[in-house]
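Peer 1: Using the sequences and the hints given, assemble the complete structure.
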Amino acid sequence: MIEFLKKHYEIVEKAPRLYKLQIESDKLVEILSSVSINSNFITLSQIACTDWIEDEVFALNYILTTKERDKNLMVEVRISRVHCSLPTLLNLYPQAQVMERDLHEMYGINFRGNDTLYDFALENWNEIPPLRREFDTLAYVNEHFDFRIGREDNKDVKAEVKRRKAQAKESKDGK
Amino acid sequence: MENNDNRLIKIYHGPQHPGITGNMSMELDLLGETIKGARTHVGYLHRGFEKLIERRTIIQAFTIVCRICVPEPDPNEENFARAVEGLAGIEISQRAKYIRVMVLEMARLAAQMLWMGGQSGSIGLGVVGQWSVYDRDLILDLFEELTGGRVYHMYIYPGGVRRELPNGFLEKLAQLLDYLEGRLLAYDSIFFENSTFKKRAIGVGVVNRDEALKNGYVGQVLRGCGIERDVRRDNPYLVYDKLDFEIPTYEGCDVYSRALVRRGEMVESIKILRQVIAQMPSEGAIMQKLPKHRKFKLPKEDIYVATESARGEFGYYMAGDGSEFIRRMQVKGPSLIHGFTLLENLLVDEELSNVALIMNSLGICPPEMER
Amino acid sequence: MQFSPDIKGTLSPFLAVKKLFEHPKTICYPEVKKEQIDGYRGFHTNLLADCIGCANCQDVCMNEAIDMVTIAKDVNPKNASGCIPRIDYGRCCWCSLCTDVCPPNSLKLENECIWADDKADNFLYFPKDK
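Residue numbers (this note's numbering), protein chains in the order written: chain A, 1 to 175; chain B, 176 to 546; chain C, 547 to 676.
Certain hints may be false.
Mimicking DSSO-like on lysine-lysine, the simulated pairs with C-alpha atoms at most 30 Å apart in a straight line are [claimed, not checked]:
no.: 1; chain 1: C; residue 1: LYS571; chain 2: B; residue 2: LYS446
no.: 2; chain 1: B; residue 1: LYS417; chain 2: B; residue 2: LYS374
no.: 3; chain 1: C; residue 1: LYS554; chain 2: C; residue 2: LYS564
no.: 4; chain 1: A; residue 1: LYS155; chain 2: B; residue 2: LYS373
no.: 5; chain 1: B; residue 1: LYS446; chain 2: B; residue 2: LYS272
no.: 6; chain 1: C; residue 1: LYS654; chain 2: A; residue 2: LYS155
no.: 7; chain 1: A; residue 1: LYS155; chain 2: B; residue 2: LYS389
no.: 8; chain 1: B; residue 1: LYS347; chain 2: B; residue 2: LYS272
no.: 9; chain 1: B; residue 1: LYS472; chain 2: C; residue 2: LYS654
no.: 10; chain 1: C; residue 1: LYS580; chain 2: B; residue 2: LYS464
no.: 11; chain 1: C; residue 1: LYS580; chain 2: C; residue 2: LYS665
no.: 12; chain 1: B; residue 1: LYS226; chain 2: B; residue 2: LYS417
no.: 13; chain 1: A; residue 1: LYS155; chain 2: C; residue 2: LYS619
no.: 14; chain 1: A; residue 1: LYS27; chain 2: B; residue 2: LYS347
no.: 15; chain 1: B; residue 1: LYS226; chain 2: B; residue 2: LYS446
no.: 16; chain 1: C; residue 1: LYS665; chain 2: A; residue 2: LYS169
no.: 17; chain 1: A; residue 1: LYS172; chain 2: A; residue 2: LYS162
no.: 18; chain 1: A; residue 1: LYS155; chain 2: C; residue 2: LYS674
no.: 19; chain 1: A; residue 1: LYS158; chain 2: B; residue 2: LYS347
no.: 20; chain 1: C; residue 1: LYS579; chain 2: C; residue 2: LYS676
no.: 21; chain 1: A; residue 1: LYS27; chain 2: A; residue 2: LYS67
no.: 22; chain 1: C; residue 1: LYS654; chain 2: C; residue 2: LYS674
no.: 23; chain 1: C; residue 1: LYS624; chain 2: C; residue 2: LYS676
no.: 24; chain 1: B; residue 1: LYS374; chain 2: C; residue 2: LYS654
no.: 25; chain 1: C; residue 1: LYS564; chain 2: B; residue 2: LYS470
no.: 26; chain 1: B; residue 1: LYS389; chain 2: A; residue 2: LYS14
no.: 27; chain 1: B; residue 1: LYS373; chain 2: A; residue 2: LYS14
no.: 28; chain 1: B; residue 1: LYS475; chain 2: B; residue 2: LYS464
no.: 29; chain 1: B; residue 1: LYS272; chain 2: B; residue 2: LYS374
no.: 30; chain 1: C; residue 1: LYS665; chain 2: B; residue 2: LYS347
Worth flagging that the hints you see were computed from the coordinates, not collected in a lab. Note that the structure is predicted; figures quoted are calculated from it, not measured.
Peer 2: Below, the structure is given as structure tokens:
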């Protein structure tokens, strides 16, 4: 039933049995309902989100799978990082509930119409959502945890090579 | 306890209990012994792998992915390797593909053995677990010889596999397969045909067949509903399209059907491994030449790959950004949908004593839910 | 209710009883040790006569477990930095990537893998010189 999709949308074949379709975010529900009625792609297997901080967007890939489980279709929507909000797909796919909950916690994306967006894996998390690119893990760790002492004698190897070369030269010149 | 006034009691089942390999708790509303409502709580095992991988180069990220699922790390390695190969355009040799299939099927056998221990433990059949974990150890011994590690193999690598097969490895594997095939009959007598297990499992945890495909259930849950779906057959990877194997299905939709499907899969894994031993090419590079550590870069593209693990489809979404780091790698294990969408509904109107049984039969593995 | 006993299913689990008369599968550790296998990923060894102090191992280690330190002992004259790796076994995950990238192949993993200590600070490990 990939012909239906090829007729109506611009579909790219990324790999054997893997297709990609890029759409506007305001047409998301409309297009996904049409795809699930008119083609074999009836299941949602994953909502994958990528943070393209340099373009100021989140790219969400709704990965759909056919009834036969033999082809995958990635439907990509791009939304602004600042006012990130999308309609929920709860009415189309019940499994979207937990995936949206996960993304809400990790990226702070608001899914309009999903009222179950409470804590998923993190508890009492008050910082910015951790999978956003601006969240610096190392800075957070340095602020909240101590490193175990005893490893301060680590040498920078490049500086050490330079120092030893200079030293060797000096002793040669001294002679 | 008196419950005539229909008052519900709330208890937490977990995070430590015999139902699953890992920590996850079920918040249960009980009316007497009957469950009236269930909510899944995760977060006891969140290790932030997906964030960690954004700060690691491709080669460094490879050692993290196997830790996403403890009982069965190899499908993760395979997914990661295949996603990187797909993005970087690397084609691996036929021999490497056969070795990978061999590792994946050995891992599947080992995972089913461990599952048998868990499933029997959840209803108090301790002996089965002792036997099956011993048999799993024999597979781990072979893994130790092949990869240098027992549980985390870190063997399937973008571009091929990391080590050549040791001398006489295939013969040892063939011997072990003969032994395990004989052992399956022993498991039949103490577990699969055991009247205790049948009494507990038949008609318990019945999945609604009509919603199974639409809701994205995978693996034994589908095959236990009589729906023949397997990534190895439907969307073949490596050399699975050249191997001859069946997909066992049963119609019961209950815990017992899923157990029988797993038993059928063990037989099929042994069959596949025998074919792999017979067809293994003796020539061919196990590893393609890769760019150096910091020079290994992925293009600004994205890809989705899927592997059939011992519990169902395991999918990875990966996006590169032109640098040596992976911009995003998102894991979709079978447990996410099974543990929330399916389990929360399946437990309603079941007995409290069946919680661990049902959970285990779905093959839920918390580490891959929260990554 | 119909009474239909599952005689086979009730009796067959008793086959397990015959295991009582078999030799146990477990071994008597530590008197009897498991057979050692070549290529196990255990502790590190580093042949100092070959080590060139390049810090490739430090660069590839994703756990930042490797420090490059100077020692009093003689090292390889070709060792430009005079440093050798020291491994923090609180962080190491035994992936053996450091041994894969070692240019002179001096860093290796051995079979030995058991170490107990009561202080967590003691797990900074100098690879054995062999």
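Peer 1: Quick one, are LYS27 (chain A) and LYS67 (chain A) close enough, alpha carbons at most 30 Å?
Peer 2: holds, 23 Å
Peer 1: Quickly compare the C-alpha distance for LYS665 (chain C) and LYS169 (chain A) to 30 Å and report which way the hint goes.
Peer 2: violated, 44 Å
Peer 1: Regarding the pair LYS347 (chain B) and LYS272 (chain B), is the alpha-carbon distance no greater than 30 Å?
Peer 2: holds, 20 Å
Peer 1: Against the 30 Å threshold, does the CA-CA distance of LYS654 (chain C) and LYS155 (chain A) hold or violate the hint?
Peer 2: holds, 22 Å
Peer 1: Check whether the Cα positions of LYS158 (chain A) and LYS347 (chain B) lie no farther apart than 30 Å.
Peer 2: violated, 48 Å
Peer 1: Has the given pair, LYS580 (chain C) with LYS464 (chain B), been kept, meaning a C-alpha gap of at most 30 Å?
Peer 2: Roughly 36 Å between the alpha carbons, so the hint for LYS580 (chain C) and LYS464 (chain B) is violated.
Peer 1: Regarding the pair LYS27 (chain A) and LYS347 (chain B), is the alpha-carbon distance no greater than 30 Å?
Peer 2: Violated - the C-alpha atoms of LYS347 (chain B) and LYS27 (chain A) are around 58 Å apart, more than 30 Å.
Peer 1: Please work out if LYS226 (chain B) and LYS417 (chain B) have their alpha carbons no farther apart than 30 Å.
Peer 2: Since the Cα atoms of LYS226 (chain B) and LYS417 (chain B) sit roughly 38 Å apart, the hinted pair is violated (cutoff 30 Å).
Peer 1: Given the hint that LYS580 (chain C) pairs with LYS665 (chain C), test it: the Cα-Cα distance must not exceed 30 Å.
Peer 2: Roughly 28 Å separates the two Cα atoms, so the pair holds.
Peer 1: Would you check the hint for LYS571 (chain C) and LYS446 (chain B), treating anything up to 30 Å between C-alpha atoms as holding?
Peer 2: holds, 27 Å
Peer 1: Taken at face value, is the distance from the CA of LYS272 (chain B) to the CA of LYS446 (chain B) at most 30 Å?
Peer 2: holds, 17 Å
Peer 1: Assess, step by step, whether the Cα of LYS374 (chain B) is no farther than 30 Å from the Cα of LYS654 (chain C), and give holds or violated.
Peer 2: violated, 54 Å
When the structure is compared with the earlier hints, violations turn up for hints 2, 4, 7, 10, 12, 14, 15, 16, 19, 24, 25, 27, 29 and 30 and for no others.
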